[in-house]
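Enquirer: Given chain B's structure and the hints, the job is docking chain L onto it.
The residues making up each chain are set out below.
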Amino acid sequence: MKIKLHILMFLMLPLFAAPPAVRAESASEREHKIKAAFVYNFIKFIDWPQEKTPDKNKPITIGVVGSDTFVKAFDPVKNKQVKGRRLAIKRFGDWDKLKESQKKNDSAWKEKLEALKKCRVLFICSCESGKNKVPVEIIKALKGSGVLLVGEVPGFLEKGGVINFVTENKKVRFEVNSTSAKRNKLKIRSQLLKLAKRIYKEEPSEDAKN
Amino acid sequence: MTTEKSSVFKFGFTLILLILCGVCARAFAEEARSGGEEDFFDMSIEELMDVEVITVSRSEDALFRTPAAITVLTSEDIRRSGHQSIPELLRMVPGVHVARIDSNKWAITARGFNGLYAEKLLVLIDGRTVYTPLYSGVYWDVQDVMLEDIERIEVVKGPGGTLWGANAVNGIINIITRKAADTQGTLVSGGMGTEEKGFSSFRHGGKLGENAYYRVYAKYFNRDEAIYSDRSPAADSTDALREGFRIDWDKSERDHFTLQGDFYKGHSGLRTRMTSPGVNYQTDDNSDVRGWNILTRWTRKYSDTSDMSLQFYYDRTERYAVNLGESRDTFDIDFQHRFQLLDGHNLIWGLGYRHTGDNTDNTYTVAFNPSNRNEELFSGFVQDEITIVDDLLKLIVGTKVEKNDYTGYEFQPSARLLWTPDERNTLWASFTRAVSTPSRAYTHMTNKFNSIPPMQFIGSSNLKSQEVKSYEVGYRVKPKDNLFFDFSLFYNEYDHLYAQENNPTAFSTIFDNKMYGETYGTEIAAHWQVNESWKLAGGYSFLKMQMHTENSSTNTTIASRTERESPCNMFHLNSQLNLQDNLEFNTTLYYVDSVPHWDTPSYTRLDMGLTWHIRKNMDFSIIGQNLLDRSHPESGEDGVIATEIQRAVLARVTWEF
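Residue numbers (our numbering), protein chains in the order written: chain B, 1 to 210; chain L, 1 to 657.
Chain B extracted, bound-state conformation (with noise of 0.2 Å):
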């Protein structure tokens, strides 16, 4: 009779507060929220080549590669302005789905690509299908192409990223590969440097390897 009541109590726990009105946010919507946050600052501080003649009715567009549930973070961005043009959002969905397609190398890639080159900015989630693994693919593709490559895992900035997240004491930091930058005729302003947790420079002849 004892075992039986408790048994109940414990089923019917569900019962006693009402079904929630939000649904909670996992950790990983949070960190990615904090670091759409952390793109959005980048872009204030970050001169592109192509903003000498700016074309104020063209937004800036944001690609985000990963699964919609993450990169969905973003999406309060459109509402955004930056050096007074609209910010745009452009979804490339999961990276492993992107990475077939490249080895096929088919049309529909070359379209992608194209719209890969005109994104500004491209966040590189690395929390679902692409876990830990650095997108060396994807950086390769778009090497001196001029868009800013955001990624979250360690490894990035060395094969060639721009700006890397890492979490330290549970606080998102990021750093800055200095000659991927340059290479990539980005203008890194100080006031965002200074705030790096590392900077990383490539070996010259690293450079000259690849």
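If you're looking for bench data, these hints aren't it; they were derived computationally from the structure.
Take the hints with a grain of salt, since some may be wrong.
[As the list claims (entries may be wrong)] Straight-line C-alpha distance at most 30 Å; calculated DSS-like pairs for lysine-lysine:
id	chain 1	residue 1	chain 2	residue 2
1	B	Lys182	B	Lys194
2	L	Lys301	B	Lys171
3	L	Lys480	B	Lys170
4	L	Lys207	B	Lys194
5	B	Lys187	B	Lys72
6	B	Lys97	L	Lys478
7	B	Lys133	L	Lys478
8	B	Lys58	B	Lys182
9	L	Lys251	B	Lys170
10	B	Lys72	B	Lys170
11	L	Lys251	B	Lys201
12	B	Lys97	L	Lys480
13	B	Lys56	B	Lys110
14	L	Lys544	L	Lys478
15	B	Lys197	L	Lys301
[Unchecked claim] Label-pair distances were calculated between CB atoms; the ranges are:
id	chain 1	residue 1	chain 2	residue 2	range
16	L	Gly209	B	Lys170	21 to 29 Å
17	B	Lys83	L	Ala429	57 to 65 Å
18	B	Gly144	L	Phe431	52 to 60 Å
19	B	Lys44	L	Asp422	38 to 46 Å
20	L	Gly209	B	Gly155	24 to 32 Å
21	B	Lys170	L	Ser252	17 to 25 Å
22	B	Asp47	L	Asp343	44 to 52 Å
23	B	Asp47	L	Ser252	32 to 40 Å
24	L	Asp422	B	Val82	37 to 45 Å
Heads up, the beta-carbon is just placed ideally off N, CA and C, and yes, glycines get one too.
Expert: Then chain L, alone, in the frame of chain B:
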């Protein structure tokens, strides 16, 4: 019967209270949402760099996919629980039975066989084994750290002998403190209460160079005497001072060094009673306890799938009481290496060596023969994590081999199967064999009673290891992002369990391995993040024990006694509620079934705590413990006289700067 009824009544009463809390929570949450939604886009980079990402991340993911019955208490759980000591914190772990004997003694176990001398748990603090080789149990009064510095407490129920080694028969408790880099700045905390009369702790952390961090800490507490059932005070007041440090150095991306040490000194009050026909003897005493330890660890990371660690520690413990004196030195060295052997085979192997030497004082009741002894333990293990189907099915097989001075070689193999069909479901099954090797007390101790005729317990040098074969299955599911369930079922077969047998040389009993038996049960845990401001966590466990003795055994009571030493059902429900941005309300309800052998009725315990974040880094808490009754017993006499747990109130201030 009346206690049963009132217990059920209290239980219902508290549940109603919790429902009311829930209703309030919803109202407050509504308010919090409309006002308090953080907009990161309005923040500068500097401000963003100060926002905490709540860590669930990879470690929680790893936890979700662990093929064992594991529970983790986070630093948040610990802070919000209001508990002031490690043994009390373990009440929050489903399936762990915490029975407080007096203000400095606890009987703690998982999956049965509880008692003051419970000896089937492996307890580690930052990689240092803290159960005593004297009787394979844990002196809980001296197992302490600064609670604010605990990163997490991992509790594995069931045997874990393969990776962890001997004594991990019924469970492993692994207390992990934060890295020095995570405890920077100064923290001062202190308070007082009706039972916890005074407690204070201090910690300071700083940088030692580019990549090295340190912290130093000191902590003191003074705990009041408990009371007996007749409300007279027990002579068991306790105090302890503890100091320590930790240094963490990231020498490079791959090399990490840790150096840490602690020193403690305390008094644990103790009242013993010897009763046998014609004699009724009682004595009050203080255990003078003292100890220090130093540990160093080097870890090197080769890649995501490969690393190694080398650890060394020295541990000294001293304990002097009227009935027993002991000092002990332990040296331990451990090496582990993890790497990918072939595609789909993640191998982990290790070697260890432990030397422990003791020095016991013979007293009028307890004598060890020999009184000094050095023991050596050699161990090695290998485990292969085989990926059968990528991201779906894994088989983990391995064994530990140990050579000890009592029984020679011991093999502790395990096989675990892990099925992870998607991100939300994990199913696992395992078979494990683990042993608890004989200890000094069961082998070399003579316990004399001043009775007429004289009686003695005598240890036996012919003891075999106690053995368990454990069959487990478990299921974890996240039906929604904010909802989590964890189920485990176990069936254990024990053999060669210790039991006292009549000694032919009359008037004494001697230990032998003539008890065996089966236990089975379940543990269920649930977490529900109801909304942004309210989190519920609950646990339920059930345990059934069936013990038998061999036909040749002369002990007719041990089997039924052992069966009756652990509660059948346990339940707890914890509510963590943020009333406003700066106000937290925490409630925990515990139910523990009766323990027939100890004559302890079932009890329901309610703890409540209110924490006010006065400023960003300053908290003030008022905590009420065991609010439902004036006092109740949790355990019975087991060599010392059990006391009752009183209602208690305490206040605590924590300031970090």
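Enquirer: Hint by hint, note whether the structure agrees.
Expert: Going through the hints against the structure:
1. B:Lys182 with B:Lys194: 17 Å, holds
2. L:Lys301 with B:Lys171: 23 Å, holds
3. L:Lys480 with B:Lys170: Answer holds: lysine 480 of chain L to lysine 170 of chain B is near 24 Å, not above 30 Å.
4. L:Lys207 with B:Lys194: Distance ~20 Å between lysine 207 of chain L and lysine 194 of chain B Cα, so the pair holds.
5. B:Lys187 with B:Lys72: 28 Å, holds
6. B:Lys97 with L:Lys478: 26 Å, holds
7. B:Lys133 with L:Lys478: Answer holds: lysine 133 of chain B to lysine 478 of chain L is near 25 Å, not above 30 Å.
8. B:Lys58 with B:Lys182: At roughly 24 Å apart (the allowed maximum being 30 Å), lysine 182 of chain B and lysine 58 of chain B satisfy the hint.
9. L:Lys251 with B:Lys170: 21 Å, holds
10. B:Lys72 with B:Lys170: 22 Å, holds
11. L:Lys251 with B:Lys201: 20 Å, holds
12. B:Lys97 with L:Lys480: Holds, because 26 Å separates the two Cα atoms, which is no more than 30 Å.
13. B:Lys56 with B:Lys110: Status holds; Cα separation ~27 Å.
14. L:Lys544 with L:Lys478: 28 Å, holds
15. B:Lys197 with L:Lys301: The hint holds at about 21 Å.
16. L:Gly209 with B:Lys170: 21 to 29 Å: 23 Å, holds
17. B:Lys83 with L:Ala429: 57 to 65 Å: Because 59 Å falls inside the window, the suggested range holds.
18. B:Gly144 with L:Phe431: 52 to 60 Å: 56 Å, holds
19. B:Lys44 with L:Asp422: 38 to 46 Å: 40 Å, holds
20. L:Gly209 with B:Gly155: 24 to 32 Å: Taking Cβ atoms as reference, glycine 209 of chain L and glycine 155 of chain B lie about 25 Å apart, which means the hint holds.
21. B:Lys170 with L:Ser252: 17 to 25 Å: Holds, since lysine 170 of chain B and serine 252 of chain L (Cβ atoms, about 23 Å apart) stay within the stated range.
22. B:Asp47 with L:Asp343: 44 to 52 Å: The hint (44 to 52 Å, Cβ to Cβ) holds, given that aspartate 47 of chain B and aspartate 343 of chain L are roughly 46 Å apart.
23. B:Asp47 with L:Ser252: 32 to 40 Å: Between aspartate 47 of chain B and serine 252 of chain L, where Cβ atoms are some 35 Å apart, the hint holds.
24. L:Asp422 with B:Val82: 37 to 45 Å: 39 Å, holds
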